[in-house]
Amino acid sequence: MAGTLTVGQLIPDVGTNLYLNAQQYGGNVVIGNATTQLFTFGTGSTLTANVFTANTVTSNTVTATSVTANVSSATVTTTALNISGVGIGAGNASIMKNRIINGAMVIDQRNAGASVTATTGQLYSLDRWKMFASVNSKYTVQQNAGSITPPAGYTNYLGVTSSSAYSVGAGDYFFLAQIIEGYNIADLNFGTANAETVTLSFQVYSSLTGTFGGALSSNGYGRSYAFTYTVSTPNTWTPVTVTIAGDTTGTWLTNNGIGLQVFFGLGIGSNYTGAAGSWQSTAYFGANSAVSVVGTNGATFYITGVQLEVGSSATGFEYRQYGQELQLCQRYYQLGAGFTAGWAAGSTTMGGIASLGTTMRAAPTATLTNTGAPPGANYSGSPSAGTTTTTYIPVTWGTNGLSQNAYGIFTYTASAEL
Amino acid sequence: MYKLNNMKDIDGKPVLVNIIRLSDNAFIPPDEANTDYQAYLKWVAEGNTPTPADE
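Going down the list, the protein sequences come from chains D and G. Position 67, counted from 1, in the first sequence is what our numbering calls 1527; the numbers after and before it change by one each time, with no gaps. Position 38, counted from 1, in the second sequence is what our numbering calls 193; the numbers after and before it change by one each time, with no gaps.
Calculated directly from the structure, the hints in this document are not laboratory data. Don't take every hint at face value.
[As the list claims (entries may be wrong)] Straight-line C-alpha distance at most 30 Å; calculated DSS-like pairs for lysine-lysine: (1) G:LYS168 / G:LYS158; (2) D:LYS1590 / G:LYS168; (3) G:LYS197 / G:LYS163; (4) D:LYS1557 / D:LYS1590; (5) G:LYS168 / G:LYS197; (6) D:LYS1590 / G:LYS197.
These numbers were taken from a predicted model, which means no experiment stands behind them.
Please build the complete structure, drawing on both the sequences and the hints.
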């Protein structure tokens, strides 16, 4: 027989357990308002259940074989949270969810905070951040340019400063890019019916206001998606979120080649812009009619906290430990040192090796530098690299015969950027 | 501008070790996944010729 038993107050004596076993007989136990299911327990209380469903829980201990909550808006405060059997991956990852490397602009191996002038040679500025320019010397990039206060929670930003008031022609382009390796976007399933929605989030600060633009693009620019965002207040950190439906067509690499490119426009000519909001089989570096940073002499565009993640909403920025972030960067560029030696007169060369600190994306381009007089080296000239691999640089040094036991320490740069 | 960098194998025949980019003396491996090597191949395809390797 169905029915309802409503009790106004149940006040057990201290130390007494209260058992409500309605479910055993086909009914439910509801405490509090039936809609909100509000449970509030005092200090030292324990809730034990086989299945627990609630919108709000305030308790010291909840023990259950299953807990269901409104996760999209829930806040969980706990001294210990143990999760077993939870898939850490697309959509709910708490670690390595950000496909952008160095999104907090902390690592700057090449320039150590010095300013870099953009050229048509497509230089890298801060680690993983590439500068594109169709004309030389129209903007500079520097870590923490202008020395403003970064947004709360950050210590660094990438700062763009316009070097002139350049009128962008139809075929011109000026933009920042992060080129993501195919391995790191393989689970997005781009180019298939199962393509994942992604969300790009970042914080931006500019002396200019208006509608700014950017784009996502595939390897070879075969597929592009232009996006826009608004900066309403000048010289103020503005959080930006852009959600992009995954591309169900096109060719997307999932190997060590170019997987997905993320562009932030600084002035893009009409040959390379499109309407925001849809995937097209055209090379877009930005959106139509977006703000041109290079169009105003001295204009600034600062950015940090860049995150690209699976899902239709932005979650908190994924902070990584410095060593982790550096190691991620070193897959594409690294600095280091090596040693060569040759014993006894009559040897024609010294031989040695530099073992790379991190396996690189591809066999790297190497530059080698003699560290100089002893204790760095007792041999003049410059070392030469052999055919590099993803894990080491073979080195020879000297071609005219050694007159003594010789040794040399050299520094190297190794680049396997995309 | 580029220069070929060879070494001799056990039979004394030259083998390409890498390509030297003369602007910064960088050693570019002949790896098609290396973007600098891709740029070199593009440069050659445009009709340019690298400086021969030293004998």
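We went through each hint and held it up to the structure:
1. G:LYS168 / G:LYS158: Given pair LYS168 of chain G, LYS158 of chain G holds - Cα atoms ~18 Å apart, limit 30 Å.
2. D:LYS1590 / G:LYS168: 40 Å, violated
3. G:LYS197 / G:LYS163: Distance ~27 Å between LYS197 of chain G and LYS163 of chain G Cα, so the pair holds.
4. D:LYS1557 / D:LYS1590: 22 Å, holds
5. G:LYS168 / G:LYS197: This hinted pair holds, its Cα atoms lying about 27 Å apart.
6. D:LYS1590 / G:LYS197: 20 Å, holds
In terms of the numbered hints stated before, the structure departs from hint 2 and from no other.
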